[in-house]
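In the order they appear, the protein sequences are chains A and B. Residue numbering for the first sequence is 148 to 249, as defined by this note's numbering. Residue numbering for the second sequence is 1457 to 1947, as defined by this note's numbering.
Calculated from the structure, these hints are not laboratory results. Model, not experiment: these values are computed from the prediction. Heads up, some of the hints might be wrong.
Said to hold, decoys possible - Chain A stretches covered by chain B per the calculated footprint, using a threshold of three residues with CB under 8 Å from any CB of chain B:
(1) 172-186
(2) 203-214
As the list claims (entries may be wrong) - Here's a subset of chain A near chain B, in silico, CB distances under 7 Å, partners left out:
(3) Ala191
(4) Leu195
(5) Ile196
Beta carbons are placed, not taken as given, at the ideal position from N, Cα and C, and that holds for glycine.
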Amino acid sequence: MMGPDVSWYIVLSGFLFTTGALGVLLRRSPLIVLLSLEIMLNSANLALIGFARHLGEHDGQIFALAVMAIAASEVVVGLGLIVAMNRSNVELDVDKLTTLRG
Amino acid sequence: MTTPAVDWFALSPTLALLAAAGLALLGSVLVPHRATRVFSAVVCALGFVGAGVAAGLLYWKSPNATLEVADAIRRDRFGALAQIVLAGVGFLAVGISYAQRVRRDHIGEYYALLAAAGGGMVFLVEAQNLMTLFLGLEWFSICLYILCAIEIDRVGSLEAGLKYLIVGSFGSAILLFGSALVYGATGALEFGEIAAAIEQGSLQDDGLVLAGLAMLLAGLGFKASAAPFHMWTPDVYEGAPTPVTAFMAAATKAVALVLTMRILVTAFPAEEDLWTIAVAVIACVSLAWGNIAALVQRNLKRMLAYSSVSHAGFMLIAIAANNELGGRALLYYLIPYSAASLGAFAVIAARERELGDRVTLDNIGGMGWERPTLGVAMWIFMLAFAGLPLTGGFVGKFYVFAAAYDRGWWWLVIAGVIATAISLYYYLAVIRAMYMRMPAELRLAPAGGSPPREALLSASVVACAAVTVGSFFLVEPLIDLAEKAASQLPF
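With the sequences and hints as input, model every part of the structure.
Next comes the structure, spelled out in structure tokens:
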């Protein structure tokens, strides 16, 4: 059961986390932003599972399972909102969501 | 492998609210349409009453803090007192929501989500491990995302929901990654074990722990809307239905700050030198940013949003002090602050329903004369925010400053006093606008006639005002309660 060292997993998850964070900050389509949020959550999952394996215990894996459920419900709400905005003919561009401003 | 014993009593406030949420949802299907509003509102209110009573019993019956349910939650008076405050906030929020125009097919869901959000909050203040922390946080956050967007025919509401979802989830993801790093470094999820692992392994300067701690703080900062993590606050507060804003402003902040204190004090006592400074800096930035931005706002909801950022700063001072006096100050401060923000947003909601438009400093003019009860109540709330005597806000600020002084951080006290002085300007501007100025353009309700009678809203506002003033006169018993609660945290 030898694989790469845990540090590789952490580096990869850090890379994914940065990718997701940049996606949230830079991309303008709400869909891509939601996708980037998922990448961020899943990078944390990868770190949790990597650490759990490294430490030889299960807490981290259970945590990751719970996070998956949460990520799913978050996306459900997010997509629901995007569909509702689409129906009310709002342009789907987070830079143009400026009804609220001051 | 044994199944952990579950202390149902410790979970009873959460369970009461979950039951209320389930019943309200069922009611929206089974109860005839005419009665849905009454039914779901009553069920939701009863849920909050039940949670409050359960939390009260929990406070009474928990003279010693214990870890329950496989060390996932900590049954103590610190959490129980916060639960009582939250239950009160939720109960009054139901009264404020009652006359709000929500689409008929969404009424059941509205109250169900309100109860579910409350359930998540009362669960979260007991959280004692990183997993329950994240679960509780997302539990109430997801409910609030939907509540913000519940008026789906209004673009502003949808926009608020989506903005809150994106920024809130961004904060949660940062918090989660921080939790993963702390777990990796210490091999523990429970706060006490984390502290022990840092102590034993001499991990004080470990990069993973430090990065994890920083990310945890940032994630909680997003939820507490402390600057510089507050950028979502004005937009979301403005766009969300006003009763939801009232609930969020009072409850979310209370939860986030109580939890910040709990995790920092129990899990990271070894890093004390670092995080006290970090929290103090965040507090100062929040005070400066919140107050200065509030000065230039015309829209009342946005102004109160920035004012809530500055109040996060005040409460963070109590956390930064990292002593028992600080714990006492935080718990006490929450009572007048929650009451005043609920009440202020309720008054705005009343005006909004009258005008059918956003409430600004211009069109609130004359409200003090038209609706004297609400006018007087608004006086009280603004004075409480500003921290003037005869309101609990004064005592709250006094204790916060005392805690900072006790630690020897007089510069933090000075920052707080300057912020208070600046804040007087815009709080008094609201009162002036309500009484002194004639409305720039008076727009009455389109139907004409007298403003709608909203007995429940007025009753809630009066209750908020009573709590705001009462907490000044009943300061001794309240501080006593807070002291017993704070003494159960390992300062």
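Evaluation of the provided hints:
| no. | hint | result |
| --- | --- | --- |
| 1 | 172-186 | holds (count 4) |
| 2 | 203-214 | holds (count 7) |
| 3 | Ala191 | holds, 4 Å |
| 4 | Leu195 | holds, 5 Å |
| 5 | Ile196 | violated, 9 Å |
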